[in-house]
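First to last, the protein sequences are chains A and B.
Heads up, the first sequence is in the working numbering, so the first residue is 8 and it goes up one at a time.
Heads up, the second sequence is in the working numbering, so the first residue is 8 and it goes up one at a time.
Since the hints were derived computationally from the structure, they do not count as laboratory data.
Note that the coordinates shown come from a computational prediction; the quantities given were computed from them, not determined experimentally.
Any given hint might turn out to be false.
[Said to hold, decoys possible] From the structure, some residues in chain B lie toward chain A, with a derived Cβ separation under 10 Å:
(1) ALA42
(2) PRO58
(3) ILE84
(4) ALA105
(5) HIS124
(6) LEU148
(7) PHE154
(8) ASP288
(9) LEU306
(10) PHE309
(11) GLY313
(12) VAL333
(13) GLU348
(14) VAL353
(15) LYS359
(16) MET416
[Stated by the list, open to error] Taking lysine-lysine pairs in the DSS-like style, the calculated list, with each CA pair at most 27 Å apart, reads:
(17) A/LYS159 to A/LYS143
(18) A/LYS104 to B/LYS132
(19) B/LYS130 to A/LYS77
(20) A/LYS132 to B/LYS77
The beta carbon of each residue, even a glycine, is placed where N, CA and C say it ideally should be.
Number of protein chains: 2
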Amino acid sequence: MSDAIKIVYETGAEILEDAAGLRARADAAKERLYAGDMDFTGWVNYAARLPEDLLSDIERTADEIAARCKYFVVIGIGGSYLGARAALSFVDRADSKATAGRPEVLFAGFNVSGTYHANLIDKIKDDDVCLLIISKSGGTLEPSVAFLALKKLLTEKYGREEALSRIYAITDEHNGKLRAESDNNGYKTFILPPDIGGRYSVISPVGLLPLKAAGVDIRALLAGAVSAESEEMIDLAKKFASVRAVLEQKKTVETFAFFDPSVEDFTAWSLQLFGESEGKDGRGVLPVGVGISRDLHSLGQFFQDGRQIFYETLLFIENPTHDITVSGEDAGDYTGRSFSEFNRAVLEGMAKAHRAVDIPIIRVFIPENSAYAFGQLVYVFELTCAITGLLMGVNPFDQPGVEAYKKGMLDYLRK
Amino acid sequence: MSDAIKIVYETGAEILEDAAGLRARADAAKERLYAGDMDFTGWVNYAARLPEDLLSDIERTADEIAARCKYFVVIGIGGSYLGARAALSFVDRADSKATAGRPEVLFAGFNVSGTYHANLIDKIKDDDVCLLIISKSGGTLEPSVAFLALKKLLTEKYGREEALSRIYAITDEHNGKLRAESDNNGYKTFILPPDIGGRYSVISPVGLLPLKAAGVDIRALLAGAVSAESEEMIDLAKKFASVRAVLEQKKTVETFAFFDPSVEDFTAWSLQLFGESEGKDGRGVLPVGVGISRDLHSLGQFFQDGRQIFYETLLFIENPTHDITVSGEDAGDYTGRSFSEFNRAVLEGMAKAHRAVDIPIIRVFIPENSAYAFGQLVYVFELTCAITGLLMGVNPFDQPGVEAYKKGMLDYLRK
Chain A
8 MSDAIKIVYE
18 TGAEILEDAA
28 GLRARADAAK
38 ERLYAGDMDF
48 TGWVNYAARL
58 PEDLLSDIER
68 TADEIAARCK
78 YFVVIGIGGS
88 YLGARAALSF
98 VDRADSKATA
108 GRPEVLFAGF
118 NVSGTYHANL
128 IDKIKDDDVC
138 LLIISKSGGT
148 LEPSVAFLAL
158 KKLLTEKYGR
168 EEALSRIYAI
178 TDEHNGKLRA
188 ESDNNGYKTF
198 ILPPDIGGRY
208 SVISPVGLLP
218 LKAAGVDIRA
228 LLAGAVSAES
238 EEMIDLAKKF
248 ASVRAVLEQK
258 KTVETFAFFD
268 PSVEDFTAWS
278 LQLFGESEGK
288 DGRGVLPVGV
298 GISRDLHSLG
308 QFFQDGRQIF
318 YETLLFIENP
328 THDITVSGED
338 AGDYTGRSFS
348 EFNRAVLEGM
358 AKAHRAVDIP
368 IIRVFIPENS
378 AYAFGQLVYV
388 FELTCAITGL
398 LMGVNPFDQP
408 GVEAYKKGML
418 DYLRK
Chain B
8 MSDAIKIVYE
18 TGAEILEDAA
28 GLRARADAAK
38 ERLYAGDMDF
48 TGWVNYAARL
58 PEDLLSDIER
68 TADEIAARCK
78 YFVVIGIGGS
88 YLGARAALSF
98 VDRADSKATA
108 GRPEVLFAGF
118 NVSGTYHANL
128 IDKIKDDDVC
138 LLIISKSGGT
148 LEPSVAFLAL
158 KKLLTEKYGR
168 EEALSRIYAI
178 TDEHNGKLRA
188 ESDNNGYKTF
198 ILPPDIGGRY
208 SVISPVGLLP
218 LKAAGVDIRA
228 LLAGAVSAES
238 EEMIDLAKKF
248 ASVRAVLEQK
258 KTVETFAFFD
268 PSVEDFTAWS
278 LQLFGESEGK
288 DGRGVLPVGV
298 GISRDLHSLG
308 QFFQDGRQIF
318 YETLLFIENP
328 THDITVSGED
338 AGDYTGRSFS
348 EFNRAVLEGM
358 AKAHRAVDIP
368 IIRVFIPENS
378 AYAFGQLVYV
388 FELTCAITGL
398 LMGVNPFDQP
408 GVEAYKKGML
418 DYLRK
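The shape of chain A in the complex, shown without the other chains (with noise of 0.2 Å):
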């Protein structure tokens, strides 16, 4: 396959030895999340699994929010907006997403900030919205009072009925405060698996309905998480898992760099889904997005010559779905070679120059800014987290310690 993403090592001999080693764990690690009697691992197998009914439905439902709305707000927070954010940078190629008379996602609730939402509302109030607000309980503070804020500006702006016609829901099946006002409101709603946590979950009604609702081809997003279930790409995966729980052991960073700002949110998407998967028990390297070039005039002088702590994940699109070619009489040298071979001299100039100081690098190729290797993408990553946390000896599917802030803000609430 040509168009499957690719990943090369370079973290010297010794630590592949090492990843080989856990070959077996590692194998062992895939069969139980495939077993199926695993808690949350209801992602695994999820695309090929989708019922047709289920598919069309979202994609119906999409379809009339897009006739109905400019903006459409997605309200959540973590899980709830990072996939989708991610496709809908990433995603950019005119045969994987069809823009024209869809609305522009925006998305709201993952701060409390009253200046980004006075903004957002200054944005929207004077064309026509739909809301979507993604939550299990219904009671997290922050998606909830945003929503209350964006179920305000409805009300005064349709009245009261059509203003909850815009409003849609994907929340538990049966338990909550959210599934409750959606009964007794009449949302349109899609309930949110059970066993799939939010960072596990873009490859569900979760990502699947705002995608569609922008535009985005969601079937060939489908395809593509459908086609990293090959034996070859799960290889691929239980190879990475490997090479990452041996460098758990001997580092302290891994830097997730980016080499075009398509791939930004991704890299935010990938940060939730490592850090919150791997990092508890007092285990699990830190991961950091990084900007290239940008940080390289900025944070590359501490990666040089500052504390070696860090391995780094490069994530380079091989065929961008734009180029340039420089021409002009000052162009010089730099005449008839192109922007995206000056990329590349880029990635080689830092891989050299990070290898002189013994920093591990894995490169990740990414194929091309298509809605099917974004699928492929996310599937690889989430099994190589999970087999990752597995093989640490951590569960990749809980996060006990966001709790805690939840609890010292509502406590402050109420005082």
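Got chain A; can you put chain B on it based on the hints?
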């Protein structure tokens, strides 16, 4: 001063005692910076020394640019764009920013993504455009090739003569490729102060020209920077620097957490300032940007339960420009409460949760999103960073590690 930055420490008594022990050395470091006999300290006291004729020239030129274009593209990398971008995102008070009739400022040349630059060209091509190229030498690859692509657009659009009249440059007074080109082509230029490094340059023509073009009140910004030279504010910076120098010996990572998206780009500027100044000789803590509440639902798990490698600097706006009070029939207990109160609750909840696992916390309270507050904040951070570096025994003004990737990149292109 009620409108000044305040810093509150929750680091434990021992760290504060150790920091107090550095007082004499912090005093000496400050004196050394102000003595004027150290290289690259041109930023020290710069705002107070800025000649009125230079300031007037910047304002006149910025007004001319504003009258001539809808899009003003600033081409630069690292310190040549992060500071201006930080101010543009931060300053949102109407009394600090008059945007009517001013161009949108866009940035280019901080990566070599063909997709990014093709999309940028597509956005601006049908409207009036001016360019600002900021480079000491004119030789750095990324801004050079972005400049070539944008010059080509302007030449095709306006013809050679008018195209050249729409190009402005900030570069070395005497030397380099860009100086020669500017002289040959008659670009209006400003001098890049030779004793100010990129990451300390936002309060210089580098930041002031694009900010004034965008309508920012740069005289208020300069007044803010001058206000940071009061004895009280310099003491604030000395203590901040001393605490950071102590923590550098105990921790691996400093997270800079922002509670309002308006502070996100300031955070990115801070990462360059601290990472490039302190990360050398195998020293320094890695500065990492964290968006709140977003990252409490992603990396928050790691902060709480992963490896305890952090201390955190919280950047909180005390009086945000916009607020929203919650109301509506579903608002329940939240009725009548405001987003700014919720954001404060997030701060307190996070601090409580992190204190419980002994993460040292430094709270930086920023009075408001004004140009004055921005100038003050920048100068406090620059002084803090320089003093921290001197306390650590590293040179806070060089960046030898940045050259390594550039060399590798040019080697690759020559092949």
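Evaluated hints:
The closest approach between the C-beta of B/ALA42 and any C-beta of chain A is roughly 25 Å, which is over the 10 Å cut-off, so the hint fails. For B/PRO58, the suggested interface contact is broken, since its CB lies about 29 Å from the closest CB of chain A, more than 10 Å. Restraint check, B/ILE84 versus chain A: the minimum CB separation of about 5 Å is within 10 Å; hint holds. Hint status for B/ALA105 relative to chain A: violated, with the closest Cβ pair at about 18 Å, above 10 Å.
Interface hint at B/HIS124: satisfied, since its Cβ lies 6 Å from the closest Cβ of chain A, which is below the 10 Å cut-off. Contact between B/LEU148 and chain A, as hinted, is supported at the beta carbon level, the nearest pair being about 6 Å apart and thus within 10 Å. Given hint, B/PHE154 at the interface with chain A, holds; its Cβ is 8 Å from that chain's nearest Cβ, closer than 10 Å. Taken as an interface hint, B/ASP288 checks out: its beta carbon lies about 7 Å from the nearest beta carbon of chain A, inside 10 Å.
Checking B/LEU306 against chain A: minimum C-beta separation of about 4 Å stays under 10 Å; hint holds. Hint status for B/PHE309 relative to chain A: holds, with the closest Cβ pair at about 3 Å, below 10 Å. A distance limit of 10 Å between C-beta atoms decides the matter here; for B/GLY313 the minimum to chain A is near 3 Å, and the interface restraint holds. Evaluation of the B/VAL333 hint against chain A yields a held restraint, the C-beta minimum of about 5 Å falling below 10 Å.
Interface hint at B/GLU348: satisfied, since its Cβ lies 8 Å from the closest Cβ of chain A, which is below the 10 Å cut-off. A cut of 10 Å between beta carbons decides the hint on B/VAL353: the least distance to chain A is about 6 Å, and the hint holds. Interface restraint check for B/LYS359: the shortest CB-CB distance to chain A comes to about 4 Å, inside 10 Å, so the restraint holds. This hint holds: B/MET416 has a C-beta 3 Å from the nearest C-beta of chain A, less than the 10 Å allowed.
Between the alpha carbons of A/LYS159 and A/LYS143 the distance comes to roughly 22 Å, so the proposed pair stays at or under 27 Å and holds. Proposed proximity of A/LYS104 and B/LYS132 is supported: the alpha carbons are some 23 Å apart, at most 27 Å. The suggested pairing of B/LYS130 with A/LYS77 holds, with an alpha-carbon distance near 20 Å, which does not exceed 27 Å. Among the hinted pairs, A/LYS132 with B/LYS77 is consistent with the structure: their alpha-carbon atoms are about 25 Å apart, no more than 27 Å.
Hints 1, 2 and 4 from the earlier list are contradicted by this structure; the remaining hints agree with it.
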